[in-house]
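Engineer: Listed below are the residues making up each chain.
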Amino acid sequence: MPTITLAQALNEALRHSMRKDPRVIVLGEDVGRLGGVFRITDKLQQEFGEDRVLDTPLAESGIVGASVGLAIYGFKPVAEMQFDGFTYPAFEEIVSHCAKFRSRTRGILPLPIVIRIPYGGGIGAVEHHSESPEAYFAHTAGLKVVSPSNPADAFSLLVESIEDPDPVIFLEPKRRYWIRAEVDLPVANGLPLGRARVAREGTDATIITYGPCVRTAEEAAEEAAADGVSCEVIDLRSLVPLDLETVKASVRKTGRAVVVHEAQVTGGFGAELAARIMEDDFLSLQAPVLRVGGYDIPYPPAKLEDLYLPDLDRVLDAVDAVLNY
Amino acid sequence: MKGVVDPGSLPTEAVQILTPDGTIAPDADRAIDLKEEDLREIYRLMVLTRRCDEESTNLQRQGELGVYCPCLGQEAAQIGSAYALEPTDWIFPSYRELGPALLRGIDPADILHMFRGTWHGGTWDFRKHRFAPYCVPVGTQPLHAAGFGIAAKLDRSDVVVIVYFGDGATSEGDFHEGCNFAGVWRAPVVFFCQNNQYAISLPTARQTAAPTIASKALGYGFPGVRVDGNDVLAVHAVTKEAVRRAREGGGPTLIEAMTFRMGPHSTADDPTRYRGAEEVESWKRLDPIHRFAAYLERESLLTGDFVARCAGEADEAAARLREAIVGAGPPPAEQLFEHVYAVRPPVLERQLERLRRLQARGGEG
Numbered sequence: 004m005p006t007i008t009l010a011q012a013l014n015e016a017l018r019h020s021m022r023k024d025p026r027v028i029v030l031g032e033d034v035g036r037l038g039g040v041f042r043i044t045d046k047l048q049q050e051f052g053e054d055r056v057l058d059t060p061l062a063e064s065g066i067v068g069a070s071v072g073l074a075i076y077g078f079k080p081v082a083e084m085q086f087d088g089f090t091y092p093a094f095e096e097i098v099s100h101c102a103k104f105r106s107r108t109r110g111i112l113p114l115p116i117v118i119r120i121p122y123g124g125g126i127g128a129v130e131h132h133s134e135s136p137e138a139y140f141a142h143t144a145g146l147k148v149v150s151p152s153n154p155a156d157a158f159s160l161l162v163e164s165i166e167d168p169d170p171v172i173f174l175e176p177k178r179r180y181w182i183r184a185e186v187d188l189p190v191a192n193g194l195p196l197g198r199a200r201v202a203r204e205g206t207d208a209t210i211i212t213y214g215p216c217v218r219t220a221e222e223a224a225e226e227a228a229a230d231g232v233s234c235e236v237i238d239l240r241s242l243v244p245l246d247l248e249t250v251k252a253s254v255r256k257t258g259r260a261v262v263v264h265e266a267q268v269t270g271g272f273g274a275e276l277a278a279r280i281m282e283d284d285f286l287s288l289q290a291p292v293l294r295v296g297g298y299d300i301p302y303p304p305a306k307l308e309d310l311y312l313p314d315l316d317r318v319l320d321a322v323d324a325v326l327n328y
Numbered sequence: 002m003k004g005v006v007d008p009g010s011l012p013t014e015a016v017q018i019l020t021p022d023g024t025i026a027p028d029a030d031r032a033i034d035l036k037e038e039d040l041r042e043i044y045r046l047m048v049l050t051r052r053c054d055e056e057s058t059n060l061q062r063q064g065e066l067g068v069y070c071p072c073l074g075q076e077a078a079q080i081g082s083a084y085a086l087e088p089t090d091w092i093f094p095s096y097r098e099l100g101p102a103l104l105r106g107i108d109p110a111d112i113l114h115m116f117r118g119t120w121h122g123g124t125w126d127f128r129k130h131r132f133a134p135y136c137v138p139v140g141t142q143p144l145h146a147a148g149f150g151i152a153a154k155l156d157r158s159d160v161v162v163i164v165y166f167g168d169g170a171t172s173e174g175d176f177h178e179g180c181n182f183a184g185v186w187r188a189p190v191v192f193f194c195q196n197n198q199y200a201i202s203l204p205t206a207r208q209t210a211a212p213t214i215a216s217k218a219l220g221y222g223f224p225g226v227r228v229d230g231n232d233v234l235a236v237h238a239v240t241k242e243a244v245r246r247a248r249e250g251g252g253p254t255l256i257e258a259m260t261f262r263m264g265p266h267s268t269a270d271d272p273t274r275y276r277g278a279e280e281v282e283s284w285k286r287l288d289p290i291h292r293f294a295a296y297l298e299r300e301s302l303l304t305g306d307f308v309a310r311c312a313g314e315a316d317e318a319a320a321r322l323r324e325a326i327v328g329a330g331p332p333p334a335e336q337l338f339e340h341v342y343a344v345r346p347p348v349l350e351r352q353l354e355r356l357r358r359l360q361a362r363g364g365e366g
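Taken in order, these protein sequences are the chains called A and B. Per the numbering used here: the first sequence = residues 4 to 328. Per the numbering used here: the second sequence = residues 2 to 366.
No lab work stands behind these hints, which were simulated from the structure alone. Beta carbons: idealized from backbone N, C-alpha and C, even for Gly.
Facing chain B, according to a computed beta carbon distance under 8 Å, are these residues of chain A, among others:
hint, residue
1, G68
2, L73
3, I75
4, E96
5, H100
6, R107
7, G110
8, P113
9, P244
10, L247
Okay, the calculated beta carbon distance ranges per label pair:
hint, chain 1, residue 1, chain 2, residue 2, range
11, A, G127, B, Y275, 50 to 56 Å
12, A, E166, B, G363, 38 to 44 Å
13, B, R351, A, K46, 42 to 48 Å
14, B, G106, A, F94, 33 to 39 Å
15, A, Y298, B, E354, 37 to 43 Å
16, B, E317, A, G270, 51 to 57 Å
17, A, D33, B, D316, 55 to 61 Å
18, B, R345, A, D187, 30 to 36 Å
19, B, L337, A, E226, 45 to 51 Å
20, A, G270, B, G106, 44 to 50 Å
21, A, Y298, B, R351, 29 to 35 Å
22, A, F285, B, E350, 18 to 24 Å
Using the sequences and the hints given, assemble the complete structure.
Structural biologist: Structure below.
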């Protein structure tokens with residue numbers, strides 16, 4: 004089996020989808036000739052031409068707003084936001100239009116748009132390049148929010164997101180773009196969008212996470228195992244729809260849950276998970292659900308980002324706390 | 002001087018065919034490219050628009066609508082432009098385009114459901130009428146039109162798209178991005194600005210320092226034209242040119258139709274707080290329907306019979322509109338959960354069950 008990076012898997016997913024469906028088009032800043040700043044659209048314009056891989060002017064709202072029109076016409080746009088922090092100019096088009104069109108037109112004009120966003124920190128970037136905006140989108144009815152953690156899921160989730168009839172915010176964990184795995188393409192029988200994955204089985208505590216922090220959680224679980232603590236790791240894969248059943252089944256087994264994400268904890272998706280677990284499974288909890296996430300500060304400069312990002316110590320500290328409650 | 006662009010050198014006069022008294026303007030440089038039956042049809046649509054608009058305002062005043070945004074005074078701008086399209090072309094409205102909607106055969110009740118609060122966006126069949134939902138976030142729809150136009154171009158279709166917006170919308174970033182995108186792709190888009198002089202309370206002079214809104218087109222590399230928006234023949238002529246250019250691959254045009262919102266921004270607005278009676282009176286003398294009627298009369302195209310028939314038909318439409326709207330209830334609450342996603346996710350299933358349980362108890366709705 005060939006070894007590929009998460010970035011290559013995304014590139015293959017786009018190629019696969021474009022070969023399969025002529026309505027799929029890619030648009031964004033520098034996605035054509037350059038192949039994107041992270042090379043996720045590498046060589047797509049060479050294969051599919053300038054009419055299917057569109058280098059746009061530098062305008063994020065324009066990219067998403069034009070995607071709305073392209074989708075109304077009948078195309079399936081896959082729009083790239085160059086970085087998480089530059090998604091904000093497109094916020095109105097995403098929230099007021101992409102998310103609401105199906106509902107307000109009673110299903111007559113659904114918008115099958117995928118908005119790809121490289122997100123999260125950990126690459127030593129300059130400010131505005133390390134944001135985790137998932138909670139804004141998960142909070143917005145009408146959007147799906149997806150984040151892969153490994154090359155195989157990167158391929159299958161992106162293919163499925165493009166096939167999905169609803170707008171999908173596709174969050175790519177940029178510091179994991181270069182992780183490698185053996186993947187047989189095309190991934191034929193991956194879990195469907197909306198299903199979580201048990202990344203590691205365990206019995207003492209459940210670590211629930213997604214995107215870039217899955218790797219962190221797996222490493223923490225490895226460390227914990229050395230101390231005789233068995234952690235289960237749940238990779239959500241999609242925040243909306245949320246596979247609460249898989250989460251609950253794990254928490255019922257372990258009685259303890261820690262949620263991990265890079266985003267600031269206040270109002271973060273971890274708060275939603277904690278609330279949902281408590282609403283449904285209060286009596287199976289042996290300890291409060293704890294959150295490990297960014298501090299409630301703007302994302303720090305690169306030289307201090309290690310303090311901000313959840314690392315093994317912080318995850319294990321929380322695991323200790325739920326075990327010793 | 003080399004390299005200097007001078008806004009003072011740009012023309013500010015509007016294209017005109019009919020003077021306010023309905024005679025052909027001495028400097029009119031565009032022919033009237035309309036058959037007699039088209040001229041009558043345009044008159045009929047203008048009268049129908051005004052009557053349905055008036056009825057809508059009345060319905061709001063009587064408590065049947067939460068709010069309404071009247072187009073009184075803008076009938077020439079709306080009908081003259083939309084009449085220049087083929088039925089296969091697409092229209093992207095803001096929230097004041099009753100005229101183009103009626104021209105496309107949309108039942109005005111399907112618009113008023115939005116203002117009554119029975120459903121968002123309008124309830125017509127958007128694909129059948131090729132008329133996008135009403136767009137409330139000001140100035141965002143030019144981008145949708147640009148995207149649609151780019152799509153038509155990529156698809157090598159001969160469909161043209163027109164997008165309506167007001168003077169205020171031209172200050173929004175998405176207007177700029179929409180024009181810029183359409184310009185770069187030379188997309189078949191007609192950007193149609195109804196400059197009705199006020200964005201709620203703000204006069205156009207405070208909206209932009211540009212000599213005209215039409216002149217902004219230069220920045221996007223396509224033509225702009227300012228037209229007398231109360232002159233239906235001039236509006237039709239310049240729009241027809243823009244549509245033809247778009248269809249032939251010549252790219253977008255920005256049209257600025259100089260008109261006046263005779264009523265409030267919305268029924269919740271009080272225009273006496275920001276504009277004088279004198280200004281309103283001066284525009285009243287430029288009334289687009291009176292002007293066009295005077296021209297048709299002079300050309301012996303407007304018989305008393307026809308005028309009465311148009312008025313009668315408009316009254317009937319208004320009565321039907323009233324009947325459809327008065328007391329109209331919302332759809333069942335379950336419909337709120339129906340189209341959020343193609344398939345209801347578990348969380349919505351759950352919330353819907355809770356709603357049903359409370360409803361069964363008589364608790365809600």
